[in-house]
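All chains should be built: construct the whole structure from the sequences, respecting the hints.
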Amino acid sequence: MDEIEFSSTGSGWGPRSEVLAVGWGNSCETVRWLLPRGLLNSCPAGVASCPASSCPFPSPRSPRLTLLESVLLLGPRPTTGGMEFSELIRTGRAQAKLLRGPEAPPLRGTLCVTGHHLLLSPGPQGTSDLWLLLLRSVDSIEKRVSGDSGTITLRCKDLRVLQLDIEGVEATLDIARSIEALSSLESVITSFPFFYRPKGLRLGDAWHFHPPERYYKRVARETNAWRLSEVNEDFSLCLSYPRAVIVPRAVDDDALARCARFRQGGRFPVLSYHHAPSGTVLLRSSQPLTGPQKRRCAEDEELLRAVLAGARPGAPGFILDTRSAQAAKQARVTGGGTEAKAAYPGWKRLHRPLERGRPLQESFVRLVEACGDLEQSMDGWLSQLEACHWLAHVKEALSTACLAARGVEREEACVLVHGAEGTDSTLLVTSLAQLILDPLSRTMTGFQELVEREWIQAGHPFQLRCAHSAFSHACPKHEAPTFLLFLDCVWQLGRQFPLSLEFGEGLLLALFEHAYASPFGTFLCSSEKERCLCEVRTRTHSLWSGLNQPKVRRKLRNPLYVPNPLAIWPSVEPQSLRLWQGLFLRWIRPPEPSQVAWEKVWQRLASKEKTEGCEPTSKPQL
Amino acid sequence: MEHIRTTKVEQVKLLDRFSTSNKSLTGTLYLTATHLLFIDSHQKETWILHHHIALVEKLALTTSGCPLVIQCKNFRIVHFIVPRERDCHDIYNSLLQLSKQAKYEDLYAFSYNPKQNDSERLQGWELIDLAEEYKRMGVPNSNWQLSDANREYKICETYPKELYVPRIASKPIIVGSSKFRSKGRFPVLSYYHQNKEAAICRCSQPLSGFSARCLEDEHLLQAISKANPVNRYMYVMDTRPKLNAMANRAAGKGYENEDNYSNIRFQFVGIENIHVMRSSLQKLLEVNGTKGLSVSDFYSGLESSGWLRHIKAVMDAAIFLAKAIMVENASVLVHCSDGWDRTSQVCSLGSLLLDSYYRTIKGFMVLIEKDWISFGHKFSERCGHLDGDPKEVSPVFTQFLECVWHLTEQFPQAFEFNEAFLLQIHEHIHSCQFGNFLGNCQKEREELKLKEKTYSLWPFLLDDQKKYLNPLYSYKSPKFAVLEPNTVSFNFKFWRNMYHQFDRTLHPRQSVFNVIMNMDEQNQQLEKDIKDLESKIKQCKNKQTDGILTKELLHSVHPESPTLKTSLCFKEQTLLPVNHALRTIEGSNPADNRYSEYAEEFSKSEPGVVSLEYGVARMTC
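Residue numbers (the UniProt record's numbering), protein chains in the order written: chain A, 1 to 622; chain B, 1 to 621.
For the record, the hints were derived by calculation from the structure and aren't laboratory data.
Treat the hints with care, as some may be off.
Claimed, not checked - Taking beta-carbon pairs under 10 Å as the criterion, some of the chain B residues facing chain A (in silico): (1) Gly292; (2) Leu302; (3) Ser304; (4) Gly306; (5) Leu308; (6) Arg309; (7) Ile311; (8) Ala313; (9) Val488; (10) Asn491; (11) Asp503; (12) Pro508; (13) Val515.
What the hints assert, rightly or not - Which stretches of chain A does chain B cover? Using the computed rule of at least three CB atoms under 8 Å from a CB of chain B, they are: (14) 245-259; (15) 379-387; (16) 573-582.
For every residue, glycine included, the Cβ atom is placed at its ideal position computed from N, Cα and C.
Below is the structure:
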């Protein structure tokens, strides 16, 4: 994360001068001073003074004036349900010492809470580095006072643990309360992405990087059996689908509308992936609303018949239910259920139960707990690793995705994946299956498109699922690390096929961070509809434009990538799966010599590229 | 040969151990005097050395034939189905005979002939010279000297002839001490740290019982601590759990009483004995051999086997040893019961942490020769080379290799060798193909005349050195002078490449290592080419003083290169469609050896002209 935007302001010289900054990303990487040198030198306190009138970047449109715009001018002003940010901030600043884990040296300076950030600006004698943390990324906060000082422990959503030693009891309590209040604001439109204006990016730039139309164009080149329907233009059919979905050409919009009424949340079967070599498809939907009366829906049956007809003649169909047969049956009581065999000729049902929701969240919490305990014995560690079941979930997710992929590729069958709502496990399976099958989705661009299409636009409720991470004391309501599980599975694939993914671990880590707390708007809200209502596309920046800046993109690349046109079948034996140390132990273990080694590999490859004079081509020829 | 009744069986099926769909390969099974050979329909050969066979089992007859399961000491497990029960029975009986030899002379090493003449063979044996190694450490010196007390193995049969002891320890003291030590294994030098002037010494347990003491032994320990001019006290590490050591007192053995020895600090480090280790590995193999193993069963099995706990214990002991020397500047005496299992593990690992020489290919060979072979680790008994007491078999050396592997994982830049080197050594401690690991001590090896009748493994490994090089090795880095591993529990992982070495389906399909190795090779080639070109330019300059020709030379190379470069790309691309037919669902078709095919592809040397193009680019930028 190197692209950091900085600007400053202050009401005068001296101690009241305030330095404010906006960092790239939610990481609290130390902010580098990017002000023009002259300006910096003119400030005796090492703090730039920049009255609005004489500001070198006066235009509010100027992308450089991010801070003035976002934090000072707009920051305190937007209201949060009638309340101003400033009302939540009880103390402006305090002297504090920050401890960032065993390796990083402690930082001392002035601590300051703003609408969206926690800042630590080192005193005038210190270096010109500024530390900042997006408040939204605080997962839990713990305060302790003793004597005339206090300690605040911040546990972040990216699993980092920070400790702040603050002078003054009152200040400690006030800051703790401010952080608590500000980090748990639920309003979307007052969140930081709406104020974040990084240098070098233009609003609305990247929102059209990966529209559904784009994937449709690819499908249309391969087959004629599918069309792009805008039946959900006003989100009336399905709240969680995007405006345009890809459906069988033979089914008209009226039939889709009736289908939607037969599926939970209106999520009728839509195309997820077209596998050109076999001519078959991967579909996803939610459960049918068969209910106790075993209702049927002619249009729904017709739709699935049309799917089979559109594929290779005689292609079988598989319905992959991500619940157990028992659970699917039980769902009938509450109006749900599963497709009746007789009603869908040619389709065969398979059950692969995948854990989701609360058990998954608990598994995540237990794993993070286990990773935090450095003193435990070998036996204790292994038994905790076993008891948290995280790797079991990874195995289940990967093997179910393999099953779906196998159906499409080897059996040359059409596969429909659904669970209950079709917004969690379903997406996990379809997206992983595509990664296994589709070489294009393993490129940097293709993978971003996959996340955008199969997670964000497909209506995975990020706002609910990622409201809290593993440290939150609050009882989980809708939280579940389904997306993290997906990233972990991708990481396992990358470990088993180190040359076949164009992106490295860095991209996965960035996606994890940004899904939980981000200055970008990409992961905001739970559906396209909500994003439209909040005008996310016009008022926030897209993460993809941030990640695709050449400098950032270079770092996220896998230097060893060689396009591999084959399907990549992972081994899902427990011996082949590893704990994702880069994520779960990222802040716990000291920087490993192995990382140093990797950097060496990087350097070597970089110099090789230089000698080659060109980047290796990233698009496999298909 | 008299054991072989059937030499060839056709239509034998080889089952994949982990495939859930019971996939199999059909082929022909051959039985030779030394190997079992299976050639499948793709002409792929599977060779199994008889000495590698740990267990042969004939299972109950099924409809498709008679199942024969062979477990190997290198953790290969093969499951054949022989169509006729008679054939199966014959092979079973032959293998039972062939895999357990009664006499050393029947082992493979005595018949193995790699087409070397006598002088080459002798040179091979002289490759590792321990006297040279002690010289490298800086002994003999003013404090340490070579003792000839054990010249004819009179004092201790299981020690080597050349032993280094403190200069002030006289022969009577040595003899006296050896009588007070189990099997006569008195304290001797294992490693001398030149900078710290501190020593690692090793011995066996004292015969102290509940109260016995021995003045000579006390003198010898004092002599060791006096030989360290910096620090007067020394550590005595008993690598056994305290309970075991106390139990030994009842048998007249035991441990040093701190009151009787001046300036010692006594410490237990709690590594379990060979029997615990054997059953631990047994449990581990049972768990990971299960078909369709669940994640929970795997981790609870890993935990209950205790294997990683034992590995951690050995590692912790070695770290304790290294710290005593580095931080406290103290000499350390290490012992266990007999001083040839745990003591060898701890001394050799400790030296490996302290001295970067042992992390080179040659140095690692020296380390094994010194602390394991010469000091009498009972390789033949521990590896079960001969048909002997199964209670003497134990994976002590395997544990040592695993500890080293864990270190290579934590310090990928600190080792000259790679994982393949460790696996190869492990292969050969059981193969009985070379003389190095035969016998249980130096005396026995001399009696067997191994140097005359067999070959040494080391020169063969050195010849293949390229395969075992770690591309990330940076020998210059001062960071890796002394290794300080972190033994927090999550740093210990299951060593899949050892225990599933032959289960290809479990491994990553692509190897980063090979890519880097290949790049390194390319770079070397390029640098050579640059030099060649430079010298050519010089020659041209000498001939004709105007530089136009030089430019022409460069240009003449350049235009060719683009086409050649694309051909390089194509080569990598075309290799993939060839494999097209091998795609499988779990990626677990036994024929799906994409992994190794990549490896072969990458290890091929590049066409010389391609390199030229890079060379020019280098020169111009």
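Verification of the supplied hints:
{"no.": "1", "hint": "Gly292", "verdict": "holds (9 Å)"}
{"no.": "2", "hint": "Leu302", "verdict": "holds (5 Å)"}
{"no.": "3", "hint": "Ser304", "verdict": "holds (8 Å)"}
{"no.": "4", "hint": "Gly306", "verdict": "holds (8 Å)"}
{"no.": "5", "hint": "Leu308", "verdict": "holds (5 Å)"}
{"no.": "6", "hint": "Arg309", "verdict": "holds (4 Å)"}
{"no.": "7", "hint": "Ile311", "verdict": "holds (8 Å)"}
{"no.": "8", "hint": "Ala313", "verdict": "holds (9 Å)"}
{"no.": "9", "hint": "Val488", "verdict": "holds (5 Å)"}
{"no.": "10", "hint": "Asn491", "verdict": "holds (8 Å)"}
{"no.": "11", "hint": "Asp503", "verdict": "holds (8 Å)"}
{"no.": "12", "hint": "Pro508", "verdict": "holds (5 Å)"}
{"no.": "13", "hint": "Val515", "verdict": "holds (6 Å)"}
{"no.": "14", "hint": "245-259", "verdict": "violated (count 0)"}
{"no.": "15", "hint": "379-387", "verdict": "holds (count 7)"}
{"no.": "16", "hint": "573-582", "verdict": "holds (count 8)"}
Taken one by one, the earlier hints fail for this structure only at number 14.
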